[in-house]
Amino acid sequence: TVVCTVVSCPTDDRVIIDGGSKTFTSDMIKIFDKGFGFFPDEPELILEKLNEEHGIIRVPKGYRKIKIGEKLEIIPNHACVVANLMEYLYIAKGEKIIGKWPVLCRGKSN
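Read in my numbering, the sequence shown has 935 at position 105, and its numbers run on one by one without any break.
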C-alpha cells in the first residue's frame, strides 16, 4: 500500500493528498469501480484525479470530516508501476517502519 498525507480540505466533498501521478500510476483497471486506487480502511473514498504531485479524493456526502495531516492508506491500481516510480520501499508492521528496501531494478528500460 501507499500511505499519503492529507494536505488540503478545500470542500466537504474533496480532499487533497501529497501523492499524484509521480506516486501512483495513471492506469485505470477494472478491479476497482472508480479511481486510481482503493482505500482498504475507507472504501467509500475515491481517488478521483491526479496531477503530478497531488491526488484529489472525492468524499461522499455526509462522510466523516477528514483533517489536514491525516494519513490515508491506498492500494494502487498497478503496484508494478508504483514500485518502479520509487527509489525505496518502506516496510511497515502496524505503525512501525521495520525495513527500507532499495528498488534495484527501477528505470532499467534501456
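Just so you know, these hints were derived from the structure itself, not from any lab.
Take the hints with a grain of salt, since some may be wrong.
Once the Cα atoms are required to be at most 30 Å apart in a straight line, the calculated DSS-like pairs of lysine-lysine come out as [stated by the list, open to error]: (1) Lys901 - Lys923; (2) Lys852 - Lys901; (3) Lys926 - Lys895; (4) Lys930 - Lys897; (5) Lys864 - Lys895; (6) Lys930 - Lys891; (7) Lys901 - Lys864; (8) Lys895 - Lys879; (9) Lys864 - Lys879; (10) Lys891 - Lys864; (11) Lys926 - Lys901.
DEER-style ranges, computed between Cβ atoms [claimed, not checked]: (12) Val933 - Lys891: 24 to 32 Å; (13) Asp842 - Ile921: 32 to 40 Å; (14) Lys891 - Cys935: 38 to 46 Å; (15) Arg936 - Glu874: 28 to 36 Å; (16) Glu872 - Tyr920: 17 to 25 Å.
Note that CB positions come from ideal geometry on N, CA and C, so glycine has one too.
Q.
What's the verdict on Lys864 and Lys895, does the C-alpha distance respect the 30 Å limit or exceed it?
A. holds, 22 Å
Q) Does the Cβ-Cβ separation between Glu872 and Tyr920 fall within 17 to 25 Å? A) Because 21 Å falls inside the window, the suggested range holds.
Q: Verify the proposed pairing of Lys852 with Lys901, using a straight-line Cα cut of 30 Å.
A: This hinted pair holds, its Cα atoms lying about 18 Å apart.
Q. Does 28 to 36 Å hold as the CB distance between Arg936 and Glu874, or does it fail?
A. holds, 33 Å
Q. Is it true that Asp842 and Ile921 lie within 32 to 40 Å of each other by Cβ?
A. Because 35 Å falls inside the window, the suggested range holds.
Q: Compare the distance between the alpha carbons of Lys891 and Lys864 with 30 Å, and conclude whether the hinted pair is satisfied.
A: holds, 17 Å
Q | Hint check for Cys935 and Lys891 - Cβ pair distance inside 38 to 46 Å | A | holds, 44 Å
Q. Has the given pair, Lys901 with Lys923, been kept, meaning a C-alpha gap of at most 30 Å?
A. Cα-Cα ~15 Å, so holds.
Q) Given the hinted pair Lys864 and Lys879, is their alpha-carbon gap at most 30 Å? A) OK: Lys864 and Lys879 at ~10 Å, within 30 Å.
Q) Is Lys930 close enough to Lys897, meaning Cα to Cα at most 30 Å? A) holds, 28 Å
Q.
So if I understand the rule, the pair passes when the alpha-carbon distance is 30 Å or less; does Lys926 with Lys901 pass?
A. Measuring from Cα to Cα gives roughly 14 Å; hence the hint holds.
Q: Please work out if Lys930 and Lys891 have their alpha carbons no farther apart than 30 Å.
A: Measuring from Cα to Cα gives roughly 38 Å; hence the hint is violated.
The structure fails hints 6, 12 (numbered hints given earlier, in ascending order).
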